[in-house]
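Peer 1: The residues making up each chain are set out below.
4 protein chains.
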Amino acid sequence: MKLPTARLLIWCPDSKGIIAAVSGFLADCDANILEADQHSDPDDGAFCMRVEFETQGMSVARAAFVDAWRPVAERYRMDWRLAYATDRKRMAVMVSKQDHCLHDLMLRQRCGEIEVDIPFVVSNHEDLRGVVTGYGINFFHLPIAPETKGDQEGKLLKLLAEDRVDFVVLARYMQILTQQVVERYPARIINIHHSFLPAFAGARPYHQAYQRGVKVVGATAHYVTDDLDAGPIIAQNTAAINHRDSVSDLIRKGRDLERTVLSAAVRLHVEDKVLVHHNKTIVFD
Amino acid sequence: MKLPTARLLIWCPDSKGIIAAVSGFLADCDANILEADQHSDPDDGAFCMRVEFETQGMSVARAAFVDAWRPVAERYRMDWRLAYATDRKRMAVMVSKQDHCLHDLMLRQRCGEIEVDIPFVVSNHEDLRGVVTGYGINFFHLPIAPETKGDQEGKLLKLLAEDRVDFVVLARYMQILTQQVVERYPARIINIHHSFLPAFAGARPYHQAYQRGVKVVGATAHYVTDDLDAGPIIAQNTAAINHRDSVSDLIRKGRDLERTVLSAAVRLHVEDKVLVHHNKTIVFD
Amino acid sequence: MKLPTARLLIWCPDSKGIIAAVSGFLADCDANILEADQHSDPDDGAFCMRVEFETQGMSVARAAFVDAWRPVAERYRMDWRLAYATDRKRMAVMVSKQDHCLHDLMLRQRCGEIEVDIPFVVSNHEDLRGVVTGYGINFFHLPIAPETKGDQEGKLLKLLAEDRVDFVVLARYMQILTQQVVERYPARIINIHHSFLPAFAGARPYHQAYQRGVKVVGATAHYVTDDLDAGPIIAQNTAAINHRDSVSDLIRKGRDLERTVLSAAVRLHVEDKVLVHHNKTIVFD
Amino acid sequence: MKLPTARLLIWCPDSKGIIAAVSGFLADCDANILEADQHSDPDDGAFCMRVEFETQGMSVARAAFVDAWRPVAERYRMDWRLAYATDRKRMAVMVSKQDHCLHDLMLRQRCGEIEVDIPFVVSNHEDLRGVVTGYGINFFHLPIAPETKGDQEGKLLKLLAEDRVDFVVLARYMQILTQQVVERYPARIINIHHSFLPAFAGARPYHQAYQRGVKVVGATAHYVTDDLDAGPIIAQNTAAINHRDSVSDLIRKGRDLERTVLSAAVRLHVEDKVLVHHNKTIVFD
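Sequence order for the protein chains is A, B, C and D. For the first sequence, position 5 (counting from the first letter as 1) is numbered 5 according to the numbering used here, and the numbering increases by one without interruption. For the second sequence, position 257 (counting from the first letter as 1) is numbered 257 according to the numbering used here, and the numbering increases by one without interruption. For the third sequence, position 92 (counting from the first letter as 1) is numbered 92 according to the numbering used here, and the numbering increases by one without interruption. For the fourth sequence, position 24 (counting from the first letter as 1) is numbered 24 according to the numbering used here, and the numbering increases by one without interruption.
Keep in mind that the hints were calculated from the coordinates and are not lab data. From a predicted model like this one, the values you see are computed outputs, not experimental measurements. Fair warning: there could be bad hints in the mix.
The list cannot tell twin chains apart, which means a pair is met if one copy fits it or any two copies do.
[Stated by the list, open to error] DSS-like cross-link-like pairs, simulated, lysine-lysine; straight-line CA separation at most 27 Å:
hint: 1; residue 1: 158; residue 2: 280
hint: 2; residue 1: 16; residue 2: 253
hint: 3; residue 1: 149; residue 2: 16
hint: 4; residue 1: 89; residue 2: 253
hint: 5; residue 1: 158; residue 2: 89
hint: 6; residue 1: 280; residue 2: 2
hint: 7; residue 1: 2; residue 2: 253
hint: 8; residue 1: 97; residue 2: 149
hint: 9; residue 1: 16; residue 2: 273
hint: 10; residue 1: 2; residue 2: 16
hint: 11; residue 1: 89; residue 2: 155
hint: 12; residue 1: 273; residue 2: 97
hint: 13; residue 1: 97; residue 2: 2
hint: 14; residue 1: 149; residue 2: 273
Use the sequences and the hints to build the structure in full.
Peer 2: Right, here's the structure in full:
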């Protein structure tokens, strides 16, 4: 049986003694460290760390923990964030007409592989309403036309706020979110792009791949930023193809990649294993 | 024990009965077909075929075979080429300072994995002379400066012609060949590029990959055309990396990819398994 | 748009001229060959071939085709089978309590990746009734106890016969079928075993793998024979693991392998791409 | 430029505060931690840790370090070992007639990928003397017959001792070492077996794999113990094969696996990244 845990993520200028300070502090709190991982960026000397520790049996109560911790963080000029595994994150999903990534996320959530609550799914089409409600999840239809996009994104932001959504997954959502949404959820919107970025960014990547005659196709899960398909990459994978594969074969083979790459990225995000630094990710896996 | 074989490669407008015509012709010659593979391009209706057959026990002598075959080819307006496995191809290798692909090709040739003769290796540097001559292969030093490039390529073409070289392998050769060389050896110069093209074309792809923060690196073997890194792709492969990998780690992991991808492409070329069609390859593997 | 096709599978003693005879016959029928693939077993000289051809525009009607074909088959002492892609195969699925392979098969069938009809699902437990009927598929509960096994298998055989089932997929069905079922469906019952066979045959392979400390886990789809986990292997794949992975991590990582390996095997079977020869498969892919 | 480092490996009963104690001690020594990784065995509560730290700028000299460290180790009842990256390990290689793993290790050592000294290579055949001496390495021929095995292993042990060899790599050495050698170098003899163990242990694994009709082949690097092919696995990898692959194709494809798996394992061992616990490895990678 797994005991409840908390995860502390830290980034600060590198210096000697940080690990000792963090692990010493947790030892003083009688916290049992389960995993500790760190990384120093050789380019700019930044230090990042993730510690996961059991909260049961600690001598410091949850309410008092942050106050106790703050002096350590200040001594080393740390940015940090703390997450309790028992505080289940709230994930909204956005889709268009394709359902393979949606099914995959729903089934993994149901069997406990991805430990999140899913308050609702949003789509710019009606097609997947039945699939979504079949899983017992709310479905909102927010159709997008050029002239309504601003309003509809306003409604989306309202839904996300009202339901206290922590992060958003674009599970083959075929619209581009504007700055007003993206900036509200930095490193908290995950997109699946159906190519190994930076190759074949933009529209119809499988058609582009077919045209170029590549021998591998790929999929990329990344955080959404204002630059299309240029945000920090969380996970990528590729599969071999050959000259016999038509565009529809690439689409079929790609679906398996999209599913596994997106769910891997979501799982990493949910378990607080991803830090963004200089438009790249540090994945503590 | 393997018996001697010949390989017939065909491309022509698709129509019913081509396979019957080719296999019927070979049956009439008492040739035993070992492998037959074909492909129809759905975009333009082109038909391609590769047949490998044993030459022993045929009722038509090698000298008479082409005359017997020609009417079949003409009936279907075929382009075709015929290669005997016993006519070992002659491969020249070009390198600069890095030796990992060079060693790999030499060792595979020595143990019989790649059945070619290697009359010589050319380099724009002296560094690898000892390595090359250690394998008992001739080494030519053709240093390149902007003002001497034309002359040196002239010398290269002379060497290639004199030694009846069939195809050239750029095993991490860091110079760009000009049109005068490329056009003389269409689909007969194989380059290894150290990224999964079309991502990170051009210089220093591992540095580009590190900057972008990708989670896979790759290598691509392709035929050289006048468009830099845009020729038909023969083979590609990728490997997983993570945020801990420095540029030098990418270079190290990439070396293993480059070796295996380049040697796979060379092996396919040597065994007459690659056809180029519309800047893409059909690999009969 | 794909035109309707038929697939002819052949196995016979190897001799010169078989490809010519088959393709010549099809040319005489005005059939357009889409794919032709063959293999000669070097151990016993058996020849196998698969030809897929368009049925539209043929000069011989479906009803007359077999009579026209039989003399060719007899001349070369062929075993053969003919399948029309438009005659959708009927697949029964058997499960126990785990649902991941079941969902995967259902979703791939619904989106057209696996072109079969699914008359019913059988389980030795009630747990998945809701899942199955949610897909609009009939569900039969056949609980198994040592003393009832014979009777229950009798009921199973009756169901399979009444619904004209072509083949059975054991999608994590945790009971062993006895000879009376296995012999009725030779090379027509596909099982997914959650290890890379022959390693870790039998019960609890992930526990076995954890104990041994392997660095890869695997999954194997194979035809069921009377020898447990020893039937002809259709598809296999592996994934990397490390010392951090608990048994439950292996189970989780294994689920993705099981899904993709099983569905790949089912797809190959449905498209008549698998021949069994000497307890091994020839997969014309 | 990389600064000199030391690596501390620890295993002890798990308890709270160990990471704090170790990192606190290193902070007191003014040592900069580059990497720290740990693992708790859920089965028996053992704790393992690997810390790599820069030795430059430490306030405790190398000569005094162990004395300063010992009280910490004793407090937690640690087993531990300390290795300085600048103390290059001494690796002996044993081969028979096949040279692909030998070339691979030699070339990786020469280009700095594997940082070891290689005092000599031993073989039970003369065949590879030229290859070995061509790399400037001593070659010893110790032919083995049943009646001479004891004596020859005695000579081997003498060579290993005289040249202060730290560990031995069996790079396709086709003899079984007896207990007298194995026990002298526990977790210090690395073998490459040409299958994914535990499948196809023993002789001629590619022939076994061909017979069974598997769709993947593999290679396994493991520490040698008294149980044949049953020692702790360090690294494994697999590659896809199909029915067309003859035994000699499996051997060829396997060579690439053997090379990369063996060199990966050697590299991990050289960098003190492998701990053995209960016949399994913990690989801090």
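Peer 1: Does each hint hold? Answer for all of them.
Peer 2: Status of the hints after comparison with the structure:
{"no.": "1", "hint": "158 - 280", "in the structure": "neither (29 Å within a copy, 49 Å between copies)"}
{"no.": "2", "hint": "16 - 253", "in the structure": "neither (48 Å within a copy, 30 Å between copies)"}
{"no.": "3", "hint": "149 - 16", "in the structure": "neither (50 Å within a copy, 53 Å between copies)"}
{"no.": "4", "hint": "89 - 253", "in the structure": "between (31 Å within a copy, 23 Å between copies)"}
{"no.": "5", "hint": "158 - 89", "in the structure": "within (18 Å within a copy, 49 Å between copies)"}
{"no.": "6", "hint": "280 - 2", "in the structure": "between (31 Å within a copy, 23 Å between copies)"}
{"no.": "7", "hint": "2 - 253", "in the structure": "between (36 Å within a copy, 18 Å between copies)"}
{"no.": "8", "hint": "97 - 149", "in the structure": "within (18 Å within a copy, 45 Å between copies)"}
{"no.": "9", "hint": "16 - 273", "in the structure": "both (23 Å within a copy, 23 Å between copies)"}
{"no.": "10", "hint": "2 - 16", "in the structure": "between (33 Å within a copy, 17 Å between copies)"}
{"no.": "11", "hint": "89 - 155", "in the structure": "within (21 Å within a copy, 47 Å between copies)"}
{"no.": "12", "hint": "273 - 97", "in the structure": "neither (30 Å within a copy, 32 Å between copies)"}
{"no.": "13", "hint": "97 - 2", "in the structure": "between (38 Å within a copy, 23 Å between copies)"}
{"no.": "14", "hint": "149 - 273", "in the structure": "neither (33 Å within a copy, 49 Å between copies)"}
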